[in-house]
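Build out the structure end to end from the sequences listed, making use of the hints.
Residue strings, one per chain:
Protein chains: 2
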Amino acid sequence: VRAVVRFCLAALPGFALISTGQADYLVREVGSFHIGGQQVVLSGLPEKEMSFTAGMAPVKVDPNGEFEAGQMYVQYVKLVNPKAKYPLLLWHGGGLTGVTWETKPDGKPGWQQFFLSAGYDTYVSDAVERGRASWARYPEIFKTEPVFRTKKEAWEGFRIGPSYETGGKRVAFEDTQFPVEAFDQFAKQAVPRWISNDAPTQAAYDALVQKLCPCVIAVHSQGGNFGFRAALAAPDKVKALVAVEPSGAPDPAQVDLTKLKATPHLFVYGDHIDSSNRWQTYIKATQRYFAAMKESGVNTSWLDLPKEGIKGNTHMLMMDKNSDEIALRIQSWLVEHGSM
Amino acid sequence: VRAVVRFCLAALPGFALISTGQADYLVREVGSFHIGGQQVVLSGLPEKEMSFTAGMAPVKVDPNGEFEAGQMYVQYVKLVNPKAKYPLLLWHGGGLTGVTWETKPDGKPGWQQFFLSAGYDTYVSDAVERGRASWARYPEIFKTEPVFRTKKEAWEGFRIGPSYETGGKRVAFEDTQFPVEAFDQFAKQAVPRWISNDAPTQAAYDALVQKLCPCVIAVHSQGGNFGFRAALAAPDKVKALVAVEPSGAPDPAQVDLTKLKATPHLFVYGDHIDSSNRWQTYIKATQRYFAAMKESGVNTSWLDLPKEGIKGNTHMLMMDKNSDEIALRIQSWLVEHGSM
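Protein sequence lines, in the order shown, are assigned to chains A and B.
Take 868 as the starting number for the first sequence in our numbering and just add one per residue.
Take 868 as the starting number for the second sequence in our numbering and just add one per residue.
I should point out that these hints are in silico values taken from the structure, not numbers from a laboratory.
Quick caveat, the model's predicted, so the values are computed rather than measured.
Any given hint might turn out to be false.
Copies of the same chain look alike in the list, so a pair counts if it works inside one copy or between any two.
[Claimed, not checked] Calculated cross-link-like contacts (lysine-lysine; reagent style DSS-like; alpha-carbon spacing at most 27 Å): (1) Lys1019 with Lys1036; (2) Lys927 with Lys1019; (3) Lys1104 with Lys975; (4) Lys952 with Lys1078; (5) Lys927 with Lys1036; (6) Lys1188 with Lys1078; (7) Lys945 with Lys975; (8) Lys1128 with Lys1151; (9) Lys975 with Lys1078; (10) Lys1104 with Lys1128.
Quick look at the structure:
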């Protein structure tokens, strides 16, 4: 695979600027911060008796008081000499965290490492309610119950294979690029999600763009909609948007796409969309958004991997066996669109 | 402060090996993995109707199926040329995540950055149930309800100050080293905790030691007990243990401390313990453990910061204004005990 990647490189524009994700890099700082959210006060809830140490007498716990809620978490790696003009922000999808972009479930380097090696400062975030962003008591603060994605739902919904029998057989697509032996490891990355947190999540992303950008942003799945709206809210600051398998997009009739003339968009989709009712529905929204952007004169590209002869990619294509090959395509597009 | 730190450096052993946390470093890989946990199956729970997109018709969600639960998350930064003989594992305390060791709430570099600059590969983890480790449905999988720490409890319990009035005045100790203006930012790092997950948490930490070590480990607060037990379970692999404000320790009568003869331990405590009933109780357990280790011939040191003339440190001393000064003391002790 490495040899193929190196071969393909020679055919890509901006060759000298493109790394294969194998280079070491000089780091100034690894760090993090929380952004967004606000203080919430709880009162009137009953005290509970709890024993914090096995065998010890229970103590009274008063759940009332002040908390922070609705913030997101952002971790950065700042290079001493970034080759890229702009930092790269990586926004994950629903029921997942920034781990999406880190080492793949099979232990091989993921896209964060790829783009660090390529010379980007990276900012990997955990959206509101997920991972190190933390979550808040429900229904008092978050208004609904959390939802936990089953392995079956991940296997089928992420188009790893056509069927998954709980306690039984997992059937993968014959050409799947997902490392199926690492599927249980991938399932450890799942986090609960809420269906009632879109507003604080968008607000935190918008605040992040104001804090960090100009930047380029790569979004995945549920992150797609947040990314499209963030670009519309701050088109001067988002210098390019890479939408990896976005699961939705704004209604073009309700937004002003002409704002995006200086914000090129790239859509990337994997394989087996035809086998999934869910993805047939999702993709219609993004196809409509893409078409409307084209009409409005926005610089927009659509990378249909199977059409390019790249078969078997799942929804989690940054974890697929050929993830470097796809990252190279994206990096090539970013370079063509002025990121370096 | 930097000038003082540099001045103090000259007086420390192993000077040439000690960094002030300001040096750039050449990185081979930033990455992560999950370890521990297992598959759990839920069945017999009722379906729920939920609307995943505002305004869309609700869909039926079946909560039954297979999940992974009980895993922990570990993120590493591997240097090209680590100066340290062993990697440094950083284990956080209760109701918090690995963010404890990252950038401080006031935006200044924390201990992860300090020890990377000093030449250690670092492994920062989120224990079971917290942050990117994820958490599982309760009471079906996790047996109890989560507990959310109030700001008042953090302020008083972490010895930032003697009193915190909800909706009112926050009184800090006059000499506090905590950057009180960043306290709300610190509160964004809090995550819910369970009181019923000690066993899977210890199992995941023990598995981590088997995977990564030989190593040196720094533990904080609730992490103390997990660290002490991890060292007892694998004394050949834990080359040194730095216990930063541990909140407990095993009963020395129930463990074999003679196993620890090749595992030096350093205890570090901040100020105002006398003002806290809670910490007066906690410290008795660690004092007893320390004394018993001494008697068993274990190489053990106790760094009482106020006795050394370093006043005002809180429980979160890796976030205090003088955190570099304390990191330097720890690094000096590690060097003396063979980490470089």
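Hints, one by one, checked against the model:
no.: 1; hint: Lys1019 with Lys1036; in the structure: within (11 Å within a copy, 51 Å between copies)
no.: 2; hint: Lys927 with Lys1019; in the structure: between (40 Å within a copy, 15 Å between copies)
no.: 3; hint: Lys1104 with Lys975; in the structure: between (32 Å within a copy, 26 Å between copies)
no.: 4; hint: Lys952 with Lys1078; in the structure: within (17 Å within a copy, 39 Å between copies)
no.: 5; hint: Lys927 with Lys1036; in the structure: between (48 Å within a copy, 24 Å between copies)
no.: 6; hint: Lys1188 with Lys1078; in the structure: between (34 Å within a copy, 24 Å between copies)
no.: 7; hint: Lys945 with Lys975; in the structure: both (22 Å within a copy, 14 Å between copies)
no.: 8; hint: Lys1128 with Lys1151; in the structure: within (23 Å within a copy, 66 Å between copies)
no.: 9; hint: Lys975 with Lys1078; in the structure: between (32 Å within a copy, 17 Å between copies)
no.: 10; hint: Lys1104 with Lys1128; in the structure: within (12 Å within a copy, 58 Å between copies)
Checked against the numbered hints above, the structure violates none of them.
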